[in-house]
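Enquirer: Spelled out, the chains give:
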Amino acid sequence: MSSVEARPVGWNATRVGIAAALVAAMCAFGFGVYHAAALLRAATKTQVQRPTETRAAVLPGTMYVEQSGAIYRFKQGSFVRITPEDGWTQPAISPDGNWIVAVKRSLDRSDLYLLRPNGRVVAQLTHNQSRDIGRNHWAFYPRFGPDSSTLYFSYDPKDPYNSYRVDLAIFATKADPPSSPAVQWTVPNEYTGGDVDPVPLRDGGLIYTKFSIDDNSNVHSQVWLQARRGSPGVGLTKAADDCSQPAVSKDETLLAMVCRHGGLQSADLEVASLDVAGRAIGAPAPYVKEKLVGSPSFSPDGTLIAFMAPGDRGGPFQLWTVAPNSAQTPPSQVTKNLDLDPTSTPNWTT
Amino acid sequence: MYFPRAWKVIAGFVTAGITGLAFYFLPLFQSAATATVNTGPVSVPVPNPLPTTTQPFTVLLLGSDDDAKFPQDRVNTQSMILVRVDPGTKQATMLSIPRDLWVSIPGQGMGKISTAYQTGGADGAIAAVESNFKVHIDDFVWIGLEGLVKLVDHLGGVDMLVTNPVLDDFYPADINTNDPYGYYRVAVLPGAVHFDGVHALQYVRSRHGDLRGDFGRSERQQQLLMAIKARAAHINAADLPELANAMQGELKTTIGISRMRQLFSMAGDFNGPNVHRVILLPPYTSEGFAGGQDVIFPNWGQILPLVHQSFS
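Line by line, the protein sequences give chains Y and A. Going by numbering that gives the first Met the number 0, the first sequence opens with residue 0, and the numbers climb by one from there. Going by numbering that gives the first Met the number 0, the second sequence opens with residue 0, and the numbers climb by one from there.
Worth double-checking, as some hints may not be accurate.
Cβ-Cβ distance ranges computed for the label pairs, FRET-style [unchecked claim]: (1) A/Phe296 with Y/Arg49: 52 to 58 angstroms; (2) Y/Val47 with A/Asn235: 19 to 25 angstroms; (3) A/Ser311 with Y/Pro299: 56 to 62 angstroms; (4) Y/Arg227 with A/Ser264: 56 to 62 angstroms; (5) Y/Arg227 with A/Asn298: 44 to 50 angstroms.
Derived DSBU-like pairs: lysine-lysine, alpha-carbon spacing no greater than 35 angstroms straight-line [claimed, not checked]: (6) A/Lys149 with Y/Lys288; (7) A/Lys149 with Y/Lys335; (8) A/Lys149 with A/Lys228; (9) Y/Lys335 with A/Lys89; (10) Y/Lys237 with A/Lys228; (11) Y/Lys335 with A/Lys228; (12) Y/Lys290 with A/Lys228; (13) A/Lys149 with Y/Lys290; (14) Y/Lys290 with A/Lys89; (15) Y/Lys237 with A/Lys7; (16) Y/Lys288 with A/Lys228; (17) A/Lys89 with Y/Lys288; (18) A/Lys89 with A/Lys228; (19) Y/Lys157 with A/Lys68; (20) Y/Lys237 with Y/Lys173; (21) Y/Lys335 with Y/Lys288; (22) A/Lys68 with A/Lys149; (23) Y/Lys157 with Y/Lys237; (24) Y/Lys249 with Y/Lys288; (25) Y/Lys157 with Y/Lys335.
Treat the hints as calculated values from the structure; they're not laboratory data. Cβ coordinates follow ideal geometry from the N, Cα and C atoms, glycine included.
Please build the complete structure, drawing on both the sequences and the hints.
Expert: Structure, rendered in structure tokens:
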């Protein structure tokens, strides 16, 4: 029997064509199912944009923020990059608006630089690189004093007796190059990581975050006020409240801070009245609760507090604001799809 | 038997669709198929399947420094966390076992519990934990250094709250390096952060600058687990093949596909207050010296009632 004779009755080119088309359609369907399944994947990775590719709500004044190692100036709802993506972080503008001091971070050290507000580097203020990497230093959290000349920052002095101990202490120096030798202001509790977040006050005192570890091995943070260099200072908050990242309003009557109350997954933004002379604060009021809040900053006119928190579905950090005189007002998300560094406090000026 | 032509066409499309799905989930099936054969010299017995999805189960999480300093599958477990999940009550308990805990290791004698995996693979680690802590372990998950980095990166990073500065001048530079014995300096700044994989690893692995040493690290590891859980709540079954593909060879587990799906679907149900974290600080343990090395002695009189309460 020949092969032609083996074909079923009615087998012809049309049927072959239809069968081929059906097979092709089935293959396409299977291919489509494969890709449809892929479309069901959750969007876990936020499509991060550079700040310069976005616009955001207009806020009063000018703000400096950091993303991916570059400092951006945020004004009138748009961002301008003032440094390259090269390890720049934690910008702080001087009260007179003429200078920015910022951290430039490398793999195993960081240094402070003096910049113009347009991002032009004027001077390197610290030199923390050594031939021996073990003798390198960190410098973080620079803040100008009210005189726009004194500079406060966290720095890790080496412990000559134990190279494992690396605790940050707050130092002060003059920002005008050539800078004078820095003097140590605070004495950190050992093996806690040290003192951070200096906020210089008009009377020459300093508010900052101090860490401690209790007998049950719990880490605590307190907002600390120190009147003079080397003085012991007082805790403005209780150890159990775990408050940190203080921000002080321009008139020094309000203190904003982040408190985690023993929690490890969320922190509240709280605001309290501040009595610098009396070295005390009023009862803190929670403004943002059960959110991963960081780095509050008062607007220059005192009408808003900016802070960092993840977007609606978690992920990278965005800029938010809340009014400091209305605990009932919900916070407002200013940016979307950015990946701002929440350890770099938004620095807000006129 | 005669099938109408239309049914044949429908069957063809259904087959094509199933084939498409099968190809999509292929990495997951491959991962599941190889999960229990990479666990060391002795294959791990397939755990008993759960009769119902609401029955509590216990998973042993193992983390190892699997860099070039160590022969493959001859690594210690730097991190051991026992996790009890109760889907019915939506409660979970995490118990960190100190790596230097001085215990009786089956077939080996007295030793640090971290060495049980080195000599006996996952079987050995499970046996050591089961015999000392008097618990039944249903499943285990083992992950190496790069595996953790990939996992966090694949989830799009994790949000965490760093309680205090973590500064370490002797952090091991043993990933993607020619000198696995080198060190570099690490500074993880406090506050809310969004970690990528490398920085999350630095946070949970560093210990030199912490007054609490390995106990502080254990707390940070539990914190990372919670952060991973929070991110996992945002993913679904369609994400698993890509995740399995990314983790090929970096993660070993006996957890089957069905329980994995169950875990991911439950992740959002376990809120902070429903997750209990246990670290065996004094009086549960005490520091000491045995076998020529610094060790941590267990106080079983304190530990076992605690474990019985949480894991039985």
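Enquirer: Against which earlier hints does the structure fall short, listed by number upward?
Expert: Result: hints 15 and 25 break, sorted rising.
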